[in-house]
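The primary structure of each chain is shown beneath.
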Amino acid sequence: EAAVTQSPRNKVTVTGGNVTLSCRQTNSHNYMYWYRQDTGHGLRLIHYSYGAGNLQIGDVPDGYKATRTTQEDFFLLLELASPSQTSLYFCASSDAGQNYEQYFGPGTRLTVL
Amino acid sequence: GEQVEQLPSILRVQEGSSASINCTYENSASNYFPWYKQEPGENPKLIIDIRSNMERKQTQGLIVLLDKKAKRFSLHITDTQPGDSAMYFCAAPPGGNYKPTFGKGTSLVVHP
Numbered sequence: 001e002a003a004v005t006q007s008p009r010n011k012v013t014v015t016g017g018n019v020t021l022s023c024r025q026t027n028s029h030n031y032m033y034w035y036r037q038d039t040g041h042g043l044r045l046i047h048y049s050y051g052a053g054n055l056q057i058g059d060v061p062d063g064y065k066a067t068r069t070t071q072e073d074f075f076l077l078l079e080l081a082s083p084s085q086t087s088l089y090f091c092a093s094s095d096a097g098q099n100y101e102q103y104f105g106p107g108t109r110l111t112v113l
Numbered sequence: 001g002e003q004v005e006q007l008p009s010i011l012r013v014q015e016g017s018s019a020s021i022n023c024t025y026e027n028s029a030s031n032y033f034p035w036y037k038q039e040p041g042e043n044p045k046l047i048i049d050i051r052s053n054m055e056r057k058q059t060q061g062l063i064v065l066l067d068k069k070a071k072r073f074s075l076h077i078t079d080t081q082p083g084d085s086a087m088y089f090c091a092a093p094p095g096g097n098y099k100p101t102f103g104k105g106t107s108l109v110v111h112p
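So the sequences go chain by chain: X and B. Residue 79 in the numbering used here sits at position 79 of the first sequence, and the numbers go up by one each step. Residue 76 in the numbering used here sits at position 76 of the second sequence, and the numbers go up by one each step.
Chain X extracted, bound-state conformation:
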């Protein structure tokens, strides 16, 4: 069973705050993804990566940076958080790309006051 972990699981910050969400997968998967989930919008892709040092832009990248430091670790950075970024964030990984199953982490609930 593929394992994807996220930290923190819950985070509250204020407008303008700096937030880093962490994701780690221990399955030697090359592809990792960051999504946000909001009611009525489903899962929306923020950034994704094919491997360490690689970064691809998703569908809703504004206000987000990401960095893939190793094959295992993928970080999402909000440098000036805004209330519109209050959401449930999921990280996912897949073995050989999007034509294969994605394994999701447990999610991080972020609240920006």
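It cannot be assumed that every hint is accurate.
[Said to hold, decoys possible] In silico DSBU-like cross-links for lysine-lysine, where the CA-CA straight-line distance does not exceed 35 Å:
#: 1; chain 1: B; residue 1: K68; chain 2: B; residue 2: K37
#: 2; chain 1: B; residue 1: K69; chain 2: B; residue 2: K99
#: 3; chain 1: X; residue 1: K11; chain 2: B; residue 2: K104
#: 4; chain 1: X; residue 1: K65; chain 2: B; residue 2: K57
#: 5; chain 1: B; residue 1: K37; chain 2: B; residue 2: K99
#: 6; chain 1: B; residue 1: K37; chain 2: X; residue 2: K11
#: 7; chain 1: X; residue 1: K11; chain 2: B; residue 2: K57
#: 8; chain 1: X; residue 1: K65; chain 2: B; residue 2: K69
#: 9; chain 1: B; residue 1: K57; chain 2: B; residue 2: K45
#: 10; chain 1: X; residue 1: K65; chain 2: B; residue 2: K99
#: 11; chain 1: X; residue 1: K11; chain 2: X; residue 2: K65
Keep in mind the hints are simulated off the structure, nothing from the lab.
Given chain X, work out where chain B should sit, using these hints.
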């Protein structure tokens, strides 16, 4: 970006009846069609998938149909149970350097 339309957004059925969710996609290069189930408070998990070399796949009360000509695929849940109540997402990743895209989800409610 590539669009995947998923309907209906909300589906209410009686226990024991069947439920159907439909998705349409744009990119004819798509050749992998997964379905994910997300229970309340949980993460999405793959429940069934189909590749473009098949038209039908069935496993444990789930049936997936694929019509490549119409760019349409569907999930059918037979003999629904309250435990089937959840959000369901389809996806039709175009592959290559294209971005993976999910449908907006269907909230299935199975009434006892």
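Comparing the hints with the structure gives:
1. K68(B) - K37(B): holds, 23 Å
2. K69(B) - K99(B): holds, 22 Å
3. K11(X) - K104(B): holds, 25 Å
4. K65(X) - K57(B): Since the Cα atoms of K65(X) and K57(B) sit roughly 39 Å apart, the hinted pair is violated (cutoff 35 Å).
5. K37(B) - K99(B): Between K37(B) and K99(B) the Cα gap is close to 21 Å, so the pair holds against 35 Å.
6. K37(B) - K11(X): Roughly 25 Å between the alpha carbons, so the hint for K37(B) and K11(X) holds.
7. K11(X) - K57(B): violated, 41 Å
8. K65(X) - K69(B): The hint is violated at about 39 Å.
9. K57(B) - K45(B): Satisfied, since the Cα-Cα distance of roughly 18 Å is no more than 35 Å.
10. K65(X) - K99(B): Cα-Cα ~17 Å, so holds.
11. K11(X) - K65(X): holds, 17 Å
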